[in-house]
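S.K.: Chain residues, written in single-letter form:
Protein chains: 2
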Amino acid sequence: MRVTVLSGGIGGARFLLGLRSLGHDVTVIGNTGDDITMLGVRICPDLDTVMYTLGDGISQERGWGREGETFRVREELTAYAEAIGAGNGADAVPSWFGLGDLDLATHLLRSEWMRGGVPLSECTRRLCERWQPGVTLLPASDSPIETHVSLVTGRTVHFQEWWVRMRAQIEATGFEIVGAEQATAAPGVIDALFDADVIVFPPSNPVVSIGVILAVPGIADAIHQTEAPVVGLSPIVGDAPVRGMADACLSAIGVPTTADAVARHYGVRAAGGLIDGWLVDTIDEAVVPGLVADGFAAEAVPLLMTDLESTTAMAKASLTLAAR
Amino acid sequence: MRVTVLSGGIGGARFLLGLRSLGHDVTVIGNTGDDITMLGVRICPDLDTVMYTLGDGISQERGWGREGETFRVREELTAYAEAIGAGNGADAVPSWFGLGDLDLATHLLRSEWMRGGVPLSECTRRLCERWQPGVTLLPASDSPIETHVSLVTGRTVHFQEWWVRMRAQIEATGFEIVGAEQATAAPGVIDALFDADVIVFPPSNPVVSIGVILAVPGIADAIHQTEAPVVGLSPIVGDAPVRGMADACLSAIGVPTTADAVARHYGVRAAGGLIDGWLVDTIDEAVVPGLVADGFAAEAVPLLMTDLESTTAMAKASLTLAAR
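Line order of the protein sequences matches chains L and B.
The opening position of the first sequence corresponds to residue 1 in the working numbering, with each subsequent residue numbered one higher.
The opening position of the second sequence corresponds to residue 1 in the working numbering, with each subsequent residue numbered one higher.
Be aware that a few hints might be false.
What the hints assert, rightly or not - The calculated label-pair distances, taken between Cβ atoms and stated as ranges, are:
| id | chain 1 | residue 1 | chain 2 | residue 2 | range |
| --- | --- | --- | --- | --- | --- |
| 1 | B | Pro256 | L | Gly116 | 50 to 58 Å |
| 2 | L | Gly188 | B | Ala86 | 19 to 27 Å |
| 3 | L | Gly188 | B | Trp96 | 33 to 41 Å |
| 4 | B | Pro119 | L | Thr184 | 33 to 41 Å |
| 5 | L | Phe194 | B | Glu176 | 50 to 58 Å |
| 6 | B | Glu129 | L | Arg167 | 29 to 37 Å |
FYI, nobody ran anything at the bench for these hints, they're computed from the structure.
Here the structure is a predicted model, which is why all the values come from computation and not from measurement.
All C-beta atoms in this analysis are idealised placements derived from N, C-alpha and C, irrespective of residue type, glycine included.
Please take these sequences and the hints and turn them into a complete structure.
M.R.: This is the structure:
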């Protein structure tokens with residue numbers, strides 16, 4: 001069976017571990033809105049998190065970055081910044097960003113290829129030659145896309161600065177997906193949607209991960225039109241995000257942080273929306289009848305990815321729901 | 001006393017340790033022909049060697065790069081190259097180059113500033129805010145200059161590739177100082193030559209270090225015209241270079257690897273050359289009368305920079321010669 005998954009970082013990557021273990025032919029369309037250029041290197045956090053996770057290189061403790069990582073370069077950059085001060089260009093050092101040495105090698109190599117004209121999709125394919133993730137990993141687009149966040153203070157910052165530096169503690173009033181309008185889907189992306197037997201929205205951030213993928217022209221249209229069933233798994237369990245700070249993103253676009261509100265945000269495909277089916281956690285079972293009344297195929301199953309076994313069961317449940 | 005020194009990397013940097021200890025006002029004009037862009041970062045080996053040496057950050061063992069250096073990023077890049085193979089862009093990895101993690105931080109920061117339009121001279125000043133070398137360190141030029149080497153095989157390679165990767169084992173037939181003709185001296189360089197009380201050519205490579213500095217339009221002219229005496233120290237002791245592979249460079253331009261041939265290569269200033277005085281090692285004392293006959297002020301003194309004391313004595317001897 002051909003399964004196509006729209007994935008963000010940590011949550012999507014964990015889900016993919018479970019899905020992969022079912023032995024299907026999996027294509028992942030990865031979010032690139034978190035991508036950022038720092039110190040001249042192009043960093044693709046979500047693609048790399050999927051790649052490292054499925055390639056068994058991810059830090060188990062952090063869920064992002066590399067296992068056995070060191071931060072020699074970053075420490076040295078910080079030493080420079082402290083010694084020279086703001087008047088001497090210290091602000092060029094992004095001390096708040098967790099740039100590891102092993103991770104930096106990935107970015108340096110990708111950036112060098114990109115300067116030579118190699119598209120991001122081909123860079124990703126090359127990097128995956130090492131990591132052998134067992135899935136086909138595609139960026140949503142080869143065109144540069146960056147999610148910018150409008151803050152209640154009036155400032156606009158890159159998503160990474162809001163998410164990592166400010167820990168989403170400053171209220172966001174909206175998101176701009178810079179570059180999305182001019183972007184085109186990367187080679188293979190649209191085919192992977194039309195040729196899929198099932199399309200899955202894993203428990204990734206519906207706004208800044210899956211939402212950004214859907215903003216690439218052609219992708220939402222293909223999901224509307226494909227014959228494959230489209231199912232999703234709620235990233236909200238018991239009125240709180242399973243991981244991360246998805247509530248801060250949902251609030252900014254006026255969507256309540258509940259398992260059923262996210263489904264309604266995507267909308268039911270029969271009524272011009274994006275999904276046919278939706279899984280919520282057993283703790284949210286009460287929302288199932290309402291979703292069914294609205295035309296969703298919906299079910300409550302355990303949605304906590306505590307280990308590979310539970311994650312595999314979730315993946316299986318999503319495919320079962322799709323088969324209905 | 002204001003002393004201006006034209007310096008390459010290791011030899012020049014060590015000499016400067018001795019000169020600095022004499023307490024004069026020292027300006028260093030550093031070679032930039034070794035500079036190279038790798039993986040998108042601008043590497044300035046000679047400037048950094050001077051900066052790290054005088055800033056007490058140099059690897060004592062190697063003479064270049066940082067003390068306590070690690071090579072995590074390079075090892076990881078090499079792991080990529082080995083895993084993905086040539087068809088997947090592995091050739092973008094310069095595994096032959098000793099790119100350390102601490103050193104990389106310097107390059108990343110400098111490159112980030114340069115992308116923002118900050119000239120190399122200002123980048124160097126900022127980096128020196130941390131290292132406090134106790135001298136004014138200027139690049140010969142803010143314009144990019146790169147020494148390329150024509151090989152007997154017909155290929156032309158960047159100096160670094162010849163020097164580091166091939167260890168100068170493949171015969172060079174000539175050097176091209178790419179960018180030199182269009183270059184201008186960096187701010188402060190010409191003034192440092194006209195305002196100096198003494199100009200010193202330390203025992204740096206006469207071809208690819210001092211020779212490249214002299215190729216920047218205006219620098220040789222200023223040395224011809226300045227009222228300051230110009231003295232040099234032979235990088236050749238007993239018919240062999242003190243360090244490195246200067247013989248391979250001298251051969252390529254048809255200069256014998258002897259202490260007096262290098263002086264004659266520079267030429268006596270009274271006859272349109274570049275230097276007034278020349279120090280050779282005591283082992284080469286026999287060449288002194290010939291140099292004197294040719295119009296050089298010449299003397300034989302110990303020229304091995306084994307410790308700070310001997311290096312300081314060399315620096316002192318060069319200033320004494322200049323005062324004659």
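S.K.: State for each hint whether it applies.
M.R.: Hint by hint, here is what the structure shows:
1. B:Pro256 / L:Gly116: 50 to 58 Å: violated (43 Å)
2. L:Gly188 / B:Ala86: 19 to 27 Å: holds (24 Å)
3. L:Gly188 / B:Trp96: 33 to 41 Å: holds (35 Å)
4. B:Pro119 / L:Thr184: 33 to 41 Å: holds (38 Å)
5. L:Phe194 / B:Glu176: 50 to 58 Å: holds (55 Å)
6. B:Glu129 / L:Arg167: 29 to 37 Å: Given a distance of about 31 Å, which is inside 29 to 37 Å, the answer is holds.
Hint 1 from the earlier list is the only one contradicted by this structure; the remaining hints agree with it.
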